[in-house]
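Asks: The lines below spell out each chain.
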Amino acid sequence: MGAQKKGATARVSEDPEELARHPLQAILLADSFTTKFRPITLERPKVLLPLANIPMIDYTLAWLESAGVEEVFVFCCAHSKQVIDYLESSDWSSQPNFLVATIESHNSISAGDALRLIYERHVIHGDFVLISGDTVSNMSLTQALQEHKERRKKDANAIMTMVVKQSKPSPITQQSRLGTDELFMAINPDTKQLLCYEDKAEYSKGFISLDKTLIADNPSTVLHNDKQDCYIDICSEEVLSLFTDNFDYQHLRRHFVKGLLVDDIMGYKIFTHEIHSSYAARIDNFRSYDTISKDIIQRWTYPFVPDVLCGNSAIRVERRGTYRASEITLSRSAQIGPFIVIGQGTEIGNDTKISHSVIGEGCTIGSNVTIEGSYIWNNVTIEDGCELRHAIVCDGVTMKSGAVLEPGVVLSFKVVVGQQFVVPAYSMVSLLQQPTQQDSDEELEYADSSSGNVELPSAKLNGDITSDLSETRHGPTSELGTGGVGYIWSIFEGGHDEEWRHSVAPIPTDKLAKIMLDKDEDEELLTQDGNVLSPSGELKSDSDANDSEDGDNEGSRDDYVSFEKEVEATFLRAVHENVKVDHVILEVNALRLSYNMASVDCAGAIFYSMMKLAVESPHSSSSELHRNAADVITTWQNLLKSFLHDIDEEIEVILKFEEICLESAKEFSPLFAQILHLLYDKDILEEDAILRWADEKEGADESDKVFVQRAEKFLQWLREAEEEED
Amino acid sequence: MAGLNLSAVSDDEDDADRDDRPVLSAAAVAAASRSTLRPPSLQTLLEDVPDSAAVPHTSSSGGDSEGKSKSADKSSRSRKLKHDVIEAVNELIQDINTCHEQIAEQAVEHIHQNEVILTLGSSRTVLEFLCAAKEKKRSFRVFVAEGAPRYQGHLLAKELVARGLQTTLITDSAVFAMISRVNMVIVGAHAVMANGGVIAPVGLNMVALAAQKHAVPFVVLAGSHKLCPLYPHNPEVLLNELRSPSELLDFGEFSDCMDFGSGNGAPLLHVVNPTFDYVPPKLVSLFITDTGGHNPSYMYRLIADYYSADDLVVQRRPTSGN
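These protein sequence lines map, in sequence, to chains X and Y.
Residues 1 to 726 (the UniProt record's numbering) make up the first sequence, in order.
Residues 1 to 322 (the UniProt record's numbering) make up the second sequence, in order.
Hints were generated in silico from the structure; no laboratory data involved.
Nothing here was measured: the structure is a model prediction, and the numbers come from that model.
Misleading hints may appear alongside valid ones.
[Stated by the list, open to error] For lysine to any residue, the following SDA-like pairs were computed, each having C-alpha atoms within a straight-line distance of at most 25 Å: (1) X:168 x Y:268; (2) X:192 x X:276; (3) X:168 x Y:252; (4) X:192 x X:140; (5) X:168 x X:221; (6) X:269 x X:241; (7) X:353 x Y:268; (8) X:353 x Y:270; (9) X:168 x Y:243; (10) X:641 x X:592; (11) X:168 x Y:149; (12) X:269 x X:196; (13) X:682 x X:697; (14) Y:226 x X:308; (15) Y:226 x X:314; (16) Y:134 x Y:109; (17) X:168 x Y:273; (18) X:682 x X:710; (19) X:168 x Y:256; (20) X:353 x X:384; (21) X:612 x X:573; (22) X:612 x X:589; (23) X:168 x Y:270; (24) X:168 x Y:248; (25) Y:226 x X:316; (26) X:258 x X:214; (27) X:192 x Y:252; (28) X:168 x Y:269; (29) X:168 x Y:254; (30) X:580 x X:591; (31) X:353 x Y:269; (32) X:192 x Y:254.
[To be verified] Partial list, computed: chain Y residues near chain X (C-beta under 8 Å): (33) 242; (34) 252; (35) 253.
Every residue, glycine too, gets a C-beta built ideally from N, C-alpha and C.
Could you put together the complete structure from these sequences and hints?
Replies: Structure follows, in structure tokens:
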């Protein structure tokens, strides 16, 4: 397979234009530049974390080799020593036709820095594949490369091809599969050019904004929410120099891609290549770690599956996705459930139940242990009667008998959990205290990628970087029960309500329901259900998206009420201080703008204020009230008229009047027809508006028609007058 | 053990030697292999070698340490050995290349005028077999089952039509309905086990059962390199290869079924895509190999000609060792 692909690649580059054939190169970033895998990444780089018992980087390198890449530059930053040592001791350093070179850096804090450094080294010649060391794929690069080269030949500005994959556009799939936010891409369906990339859609507003010129320049644009970014890019040499030119580019997507898309001076273009049957995904957080592990066990990544990658038939696949190494000690009464991987030399005791899990090498698991959906790495000791659900347990951990891990727990290296101790859900436990113990060269794995400014890798600054995380809990080691060793970390910056998003544990059903509701257009429903569903212990509501939607909804009502109050206050001041009508109009307009209201709302509010004034001025009978109202209307008719530009607004006023009669000032209800007549006389309302209002009310409920009936006489008179005119 | 070590030594030594030395001993090896009437096998070759090198055939570890002390003797002996092995491998390669023709030569004996032949998937041996019969002016029709999910049958049908054969393409599931009109089922194999069972492309067990039901002969074409000295034990799983489910389903369309983040984290959908079927020997009517037609019950004899007990040890060592 590899040979065939290589042949194909060679053929591509035999084109006359490229007489000097460059070997296909790749840059592999062996550093995620994020903090999502803390606390594990404090001690080991992310790319060396085992994925179904094989380090992640092996999947990436195996894929690169099979895809015909000949030279790989592995960029190591955090824990660079560990990565280099691993690569040197592995088979990768001695492969013929596949060169793995490492580039070490101690002061790069982002992908942008890494690429700038690689540019300075002048090792990349021609097109290259840009990938991070935590990507699993089995796609064939041949076609994507060919497309890229052909586009380049036609248009030198087509500098990058991004690999995307279709994913079900269900609102929760992105979140529940890979733990990432919903991603929107605008793609030109003919040329496959990427026009817009939005990974943080503004839920609160429920819309994404596209540049107007984008629509104007492209005859057709398709907006996708069903595409998954595979984080595999085929780039031309220019990409590196672009990073150098724009020294503020840090993040590959957030800065570079968006920067290129916005920048129309240089005119660089990004294209997409969609893969269909093959697999590609990147491990971004614990949830995608879980999902991709399961995809691997289900063999979507074939041939990059444990039994093939290990070679020598050291691991065998059996029925129901059970992968077993050849030398394991398994009690006869143990129930080894579906979809598990068990590594070499592991012992499993009596009546232990294991399902949907990965067990590493050299583990000792006692009797009556329940392990479900968990990832247990190498040399872990689990004593009798423990229970593990949806947890990650790193190398060398000891769980004393009867200990329980609730869903979402992460135990970092060599932690000891005491007897009968229950580790609460979503806790992170490490031997290291939260942010304080960091070596200078370790900080890089988790320097916050979103911070745009360059931070120097000094121990003091580390404190600053992490000080915005919540404060360390300097608890005693007995935090983990009797004989326990380790610190329970307090929750990350995301706060309590966010922890489930990126955890290995499945999303609780109430959260899922809430995500679904987030998407629901019926905001009323959302508000109610959101409150009902919110579990007592989990703060009020779980996502800011939800929060702000609630807020928006309630806010708009609140806004109107306070707007009405402001208008009323303005109006009263005008009445008492004899302010000129023009000035009042100006003030109301200003209010309208600041509250973001329509002129319909102004008319309603002013009319409401007028009626309220009439009601509040002293009166003893309805006839006096009528006179009061008539006075007010006559005095301020110009003000009202200036906000009544068309019939719709006039109808709105009538509706408002109905509302007033029904709710705030019931005294008006007997006078409804008279005041309507008055408004007609003063030319505030036109007869069309009144008749339209009556027509609209025709189909309404009996209770709604009360005022139409009251005004029946007046309406009839209007109709007759109209006929006479005809 | 002996075979493994010796071949490892010769592989490790150097690749440069391979180019300048072969001429030297080629003639001797050729003569040696000609003198034995049996087809060339690694075992027969290695048995011969120690005699010609005048060293007693001891356990290989002893031989190795001895060889290190007398380096000159060792190098000449190991070179000789290496070339013998290379020659034997070349012979095997040649055998594999010519086995299609040798099998195809027998086609006219099996395919008769106006018969209907059914096959599943695609096999080069089957293609050449059918074409050989066609060239001998036999007139017959071929039903090709498409062989989901890889649909190799489509390619075979195309090839057959290009060679002027009357071809009908059917789905795998239509095999049972069509089998009553078929005179003979001819298929290729991935491997033939020591008990006469066949590891074949997925779907063939079903075809064999259908053929048995209607008493249609089920003929397997297999070059002698496909003979395997193992006895099948749990062949459906252990001798199988599970490929990516994406050949069956589009991942994008079904990504919501692969949603592990909801519910209890256990996927409800599991897609299994085995590459091979195991056809038990009782369902096979005849094997046609490059040495002629054989019954399933005779396969173990044939295999004994090609493999010795020592070869089996070589086969098993890496499995248990690593």
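Asks: Can the restraint linking residue 226 of chain Y and residue 314 of chain X be considered satisfied, given a maximum Cα separation of 25 Å?
Replies: Measuring from Cα to Cα gives roughly 24 Å; hence the hint holds.
Asks: Would the hint linking residue 682 of chain X and residue 710 of chain X be met if the CA-CA limit is 25 Å?
Replies: The hint holds at about 20 Å.
Asks: Was the hint right that residue 242 of chain Y lines chain X, CB cutoff 8 Å?
Replies: 6 Å, holds
Asks: Starting from residue 269 of chain X, check that the Cα of residue 196 of chain X is at most 25 Å away, please.
Replies: 11 Å, holds
Asks: Is residue 353 of chain X within 25 Å of residue 268 of chain Y, Cα to Cα?
Replies: This hinted pair holds, its Cα atoms lying about 19 Å apart.
Asks: Do the numbers back the hint for residue 252 of chain Y, that is, is its least Cβ distance to chain X under 8 Å?
Replies: 3 Å, holds
Asks: Would the pair residue 168 of chain X and residue 273 of chain Y pass a check requiring their Cα atoms to be no farther apart than 25 Å?
Replies: 22 Å, holds
Asks: For the pair supplied as a hint, residue 192 of chain X and residue 140 of chain X, is the alpha-carbon distance within the 25 Å limit?
Replies: Status holds; Cα separation ~18 Å.
Asks: Take the C-alpha atoms of residue 580 of chain X and residue 591 of chain X, compute the straight-line distance between them, and say whether it is at most 25 Å.
Replies: 17 Å, holds
Asks: Next pair to validate is residue 168 of chain X with residue 248 of chain Y; report whether the Cα-Cα distance is within 25 Å.
Replies: 17 Å, holds
Asks: Would you check the hint for residue 353 of chain X and residue 269 of chain Y, treating anything up to 25 Å between C-alpha atoms as holding?
Replies: Holds - the C-alpha atoms of residue 269 of chain Y and residue 353 of chain X are around 21 Å apart, at most 25 Å.
Asks: Would you check the hint for residue 612 of chain X and residue 573 of chain X, treating anything up to 25 Å between C-alpha atoms as holding?
Replies: Since the Cα atoms of residue 612 of chain X and residue 573 of chain X sit roughly 14 Å apart, the hinted pair holds (cutoff 25 Å).
Hint check: no violations occur; every hint is consistent with the structure.
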